Amino acid sequence: MGHIIASLRERSDLFRLLFFAFLAFAVVFDFFAVRHHAHFWGDHIIGFWAFVGLVGCLGMIVIFKGLAKVWLMKGEDFYGN
Amino acid sequence: MVTSGIFVHPAAWFILGAVLLPIARRLKLQKVVLLAIPIIAFAQIRILPDSFGVCHFMGFELVFGSVDKLTMVFLHVFTVMAIIGSVYGLHVEESGQHMAAFLYVAGSLGTTLAGDYLTLFIFWELMAFASTFLVWYRKRKRSIEAGYRYLLIHTAGGLVLLAGIFLRYQHLHDLTFARIPVESAGLAEYLIMIGFMLNAAVPPIHAWLPDAYPEATVTGAVYMCAFTTKTAVYVLARAFPGFEALAIMGAIMTLYGVAYAVIENDARRILAYHIVSQVGYMVCGVGIGTAMAINGACAHAYAHIIYKALLFMGAGAVLEMTGRSKLSELGGLYKLMPMSLIFTVIGGISISGFPLTSGFISKSMIIAAAGEHHRTGLMIMLTLAAVGTFLSVGIKLPYFVWFAKDNPAVPEAKDPPFNMQLGMAIAAFLCIFMGVYPDFLYNMLPFPVHYHPYSAYHLSETFQILGFTGLGFYLMVKKLAPKDKMNLDLDWFYRRGTQVFMWLARRPLSVANDWVGEVYRTVGLRFTTAMARAMSWFDWHGIDHVIDGTAASVVRGGDELRQVQTGRVQHYVGGAVIALFLLLLVMVLI
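As they're listed, the protein sequences go chains A and B.
Residue 30 in this note's numbering is what sits at position 30 of the first sequence, and the numbering runs on without skipping anything.
Residue 513 in this note's numbering is what sits at position 432 of the second sequence, and the numbering runs on without skipping anything.
Since the hints were made in silico from the structure, they are not lab data.
It should be emphasised that the depicted structure is a prediction, and the values quoted were computed from it without experimental measurement.
Hints are supplied without guarantee of correctness; some may be wrong.
To be verified - DSSO-like mimics (lysine-lysine), calculated; alpha carbons at most 27 Å apart, straight line:
(1) Lys560(B) to Lys486(B)
(2) Lys407(B) to Lys74(A)
(3) Lys69(A) to Lys220(B)
(4) Lys74(A) to Lys150(B)
(5) Lys564(B) to Lys65(A)
(6) Lys74(A) to Lys560(B)
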């Protein structure tokens, strides 16, 4: 099993291509998805959740990592262990 | 079993199992007991009557078994989880660990079945005490300390719960454990709720969870991640559906847990913080309180127990085989531990809510329930937490453990023993089975389900969120590299607090104590002698005068009583029986 994963890993360029193709597909698919149960305004915008996903992810990394850096992160022996 | 009149409470099987384990180990039958008990319990819950084990104790009516559909979902997943946990821990020789685990499961089942607050409280405490041993059995200094903190916090939470129960009994003279209407909730009810919320790890009383779970044994953590918090979700869903505070706290929890999961370094601590986040969905669902939201909370509890256990088993396998759990010390293990990688990734995509996995059909129910209830704010928070979930547990954790480095960080690592892989395989199968066949789960839920997860729009939403979160990770992977540090959390207050207390005890209090001792020796001793002299004068001249009269009458009474005593045993026994009879008569008459 290990060498299968290793050989897949060698084809990382292919996976990168497939990944971007999937992103394009996800946005295109949203044009055709029927909105039966729209809960709020965001549900009517094409690609809204793609935006939430990307901005949310980047925002979280920046905010939480930033908080850790300036405040939360301490040495392993902070409590005297 | 139901008709014969002799009925075994499902929790009693586990208590019996715990007692039998040390003997079974001597007879080399430990593995048989470990597998048989959970399987018997799993089979038995299907034939439970609606109510059983009602008994009267000191004027209280205790109900050991009260069963409805809500109870059944949790009983089902708890017994399934006990089977998975037993299989995963089969290689552990030490009976003590298994005994603690079995008693812990018994506590959880007992709480779930309890029909009154006293029974609930007894099993609630059993759960806390038994699980502490799962931390202590790791036998490291850090674990011992974390275990004590865990026990103290849960004891405090238990006392708050007990105070609530007493107050409620004082008002209502009723201990039945049932739904509490929002408008009738007072101090007593809110104390009970706080007791429950502590076990559900609702911030700010959550820090015990990420403190203790990563310090537990490899197999112990697998049990712990399943039972405490989900039993708390059950009792909240039973007593407090529709409480606004829960909806808001739940939504905050989802993001709070994710925030720490993004920055943490220890694999099992990431997963522990992530329990806070995931339980947030359930607490929020309970708080929204509609039929769909409660269904969602139950479905998510079921799905979550299985995939979170799977993730803990994966991280546990790495810890067991490499002795490490920090991401910064791991990496590149994909060639050496491929099976663990595959199982962990299945857990990771399930928790992230990929289509065809259990997370997709359960988490979305709660988010949709928030939407249908026009709670857009809650809905956005829960969705953002889903983004953070995929980021931290879906991608970050497997990436930094199994990839990130070209050469393995631990060259001698290999996949864990067969039973551990089998435990992971069962959980992985269930994750995918529920995703492909949601009715398996939906048919168990307390209310009829009118929700269809595989709609085009829900799929589209999921593709976009997961895809573009992946893109975010791809762009920022360097920023996410874990650091070998710990992060402050609200346990600071009691961990620093105890240090301040200890300092006070050592320095100022100790000095004050010495000083008071000195004062006492010089002033106090003289004062005491003088007082003693005065008292003795009073005793001679005041008291004895009065007492002498009484003493004479006692002596006379003793003489008379001596003549009653015949010295024959049968007379004494007869007298005792008569006295007992009279006592009973008095009690019955009263």
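### Message
Need the list of violated hint numbers for this structure, in ascending order.
### Response
Violated: hints 3, 4.
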